[in-house]
Amino acid sequence: MSRENALVSTQWVEENLDTPGIVLVEVDEDTTAYDKGHIKGAIKLDWTTDLQDQVRRDFVSKEQFEALLSAKGVSNDDTVVLYGGNNNWFAAYAYWYFTLYGHADVKLMDGGRKKWELDSRELTDELPERAATSYTATEQDRSIRAFRDDAVAAIGVSNLIDVRSPDEYAGRLLAPAHLPQEQSQRAGHVPTSLNVPWSKNCNDDGTFKSDDDLKALYAEAGIDDSKDTIALCRIGERSSLTWFVLKELLGHQSVKNYDGSWTEYGSLVGVPIALGDEPGDA
Amino acid sequence: MCGATEGGLSLDGVNVAKEAIIQGQVLRDGEPVGNAYVRLLDRTGEFTAEVPTSASGHFRFFAGEGDWTLRTLAPKADPVDRAVRASVGSIAEVSIAV
Numbered sequence: 001m002s003r004e005n006a007l008v009s010t011q012w013v014e015e016n017l018d019t020p021g022i023v024l025v026e027v028d029e030d031t032t033a034y035d036k037g038h039i040k041g042a043i044k045l046d047w048t049t050d051l052q053d054q055v056r057r058d059f060v061s062k063e064q065f066e067a068l069l070s071a072k073g074v075s076n077d078d079t080v081v082l083y084g085g086n087n088n089w090f091a092a093y094a095y096w097y098f099t100l101y102g103h104a105d106v107k108l109m110d111g112g113r114k115k116w117e118l119d120s121r122e123l124t125d126e127l128p129e130r131a132a133t134s135y136t137a138t139e140q141d142r143s144i145r146a147f148r149d150d151a152v153a154a155i156g157v158s159n160l161i162d163v164r165s166p167d168e169y170a171g172r173l174l175a176p177a178h179l180p181q182e183q184s185q186r187a188g189h190v191p192t193s194l195n196v197p198w199s200k201n202c203n204d205d206g207t208f209k210s211d212d213d214l215k216a217l218y219a220e221a222g223i224d225d226s227k228d229t230i231a232l233c234r235i236g237e238r239s240s241l242t243w244f245v246l247k248e249l250l251g252h253q254s255v256k257n258y259d260g261s262w263t264e265y266g267s268l269v270g271v272p273i274a275l276g277d278e279p280g281d282a
Numbered sequence: 001m002c003g004a005t006e007g008g009l010s011l012d013g014v015n016v017a018k019e020a021i022i023q024g025q026v027l028r029d030g031e032p033v034g035n036a037y038v039r040l041l042d043r044t045g046e047f048t049a050e051v052p053t054s055a056s057g058h059f060r061f062f063a064g065e066g067d068w069t070l071r072t073l074a075p076k077a078d079p080v081d082r083a084v085r086a087s088v089g090s091i092a093e094v095s096i097a098v
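So the sequences go chain by chain: A and B.
Residue 153 in my numbering sits at position 153 of the first sequence; the count goes up by one each step and never skips.
Residue 51 in my numbering sits at position 51 of the second sequence; the count goes up by one each step and never skips.
FYI, nobody ran anything at the bench for these hints, they're computed from the structure.
A portion of the hints provided could be inaccurate.
[To be verified] A partial selection of chain B residues facing chain A, derived with a Cβ cut-off under 10 Å:
no., residue
1, 28
2, 37
3, 39
4, 42
5, 51
6, 60
7, 67
8, 68
9, 75
10, 76
All C-beta atoms, glycine included, are put in the ideal place defined by N, C-alpha and C.
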């Protein structure tokens, strides 16, 4: 994977709005954003209902994912171009999710909805009509998904990259600051995890920094290229963006996203937690 | 309701006494800007959060005690930085002109 295969620009998207075989998909943290206006032809995925099991805390099953994409009119051979708000947090999450279930050709629109809006490009409230398909997913690719035991086992052994803001990492905030801070789990971070906030991957307009800048960022942070890497945040969406950078843009071999992230780890009984700005000891 | 901005975003269901709230409105020539982005930078200038403004130009953050910077991005405007101090149990109101 590389930048050329994994990313498209807002200009490219505007030039390909009517190109057959390309499906635009908007995924936002604010699930009402699409309804207020979206890129022409784009379909909506609601991460809270479409992509999450509604009973237990997990993703939808392979069969549910197949039913979802079939109903939305997405084919296995379509090029899926994802975009969304929050600098593509949830679009990156969906990118990782599509990859987890084996979609062959998936891309992110660089800069997401914000870049599109700051470019003053057109949005519509017109809903697209797509004929239903018969979509087939693969089994989950567990090589890109970490679970809680993987996070614990990685302490002092693998690269753990905590992408939350410095105040969340240190334990001074419990959630990103656009959300109320009333949370039940403990504050802090996984010992030995390095704090590389997701925002350092991006320019102010939401586009990704150059490969050279990104390589320098992770080298300076102290990531060891010879080791496996697990990215985590609070609920696994911001860390999807960093997973995208490390795996898809920079081509690191073994990078997993820990979707349970801090809301799970910070609620576990008996696991070690570090407080403050330093990674802490294993 | 108590503490809400006149014409601003609802704080229903939020325990304001436990939050250090920063909120306000983005204006251009006195008119609300509904397609701006406001980002919250911490005391070191590091990104902490970002929200799109509402149709009425309003935004809100739940910050921590201390000094913050608001950076506002809007179409066809240069970014605008504003310093703000937040404290738990109060609401810091900021009006931003782009």
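Here is how each hint holds up against the structure:
1. Evaluation of the residue 28/B hint against chain A yields a violated restraint, the C-beta minimum of about 14 Å exceeding 10 Å.
2. At about 6 Å, the closest approach between the beta carbon of residue 37/B and any beta carbon in chain A falls short of 10 Å, and the interface hint on this residue holds.
3. Taking 10 Å as the C-beta cut-off, the interface hint given for residue 39/B holds, the closest approach to chain A being about 8 Å.
4. At about 6 Å, the closest approach between the beta carbon of residue 42/B and any beta carbon in chain A falls short of 10 Å, and the interface hint on this residue holds.
5. Taken as an interface hint, residue 51/B checks out: its beta carbon lies about 5 Å from the nearest beta carbon of chain A, inside 10 Å.
6. Annotation: residue 60/B was flagged as interfacial toward chain A, and the flag holds, the nearest CB pair being 8 Å apart, inside 10 Å.
7. Because the beta carbon of residue 67/B sits about 12 Å from the nearest beta carbon in chain A, more than 10 Å, this interface hint is broken.
8. The interface hint given for residue 68/B holds, since its Cβ lies 9 Å from the closest Cβ of chain A, which is under the 10 Å cut-off.
9. At a threshold of 10 Å, the smallest CB-CB gap from residue 75/B to chain A is about 5 Å, leaving the interface hint in force.
10. Taking 10 Å as the C-beta cut-off, the interface hint given for residue 76/B holds, the closest approach to chain A being about 7 Å.
Violated hints, in rising order: 1, 7; the structure is consistent with all others.
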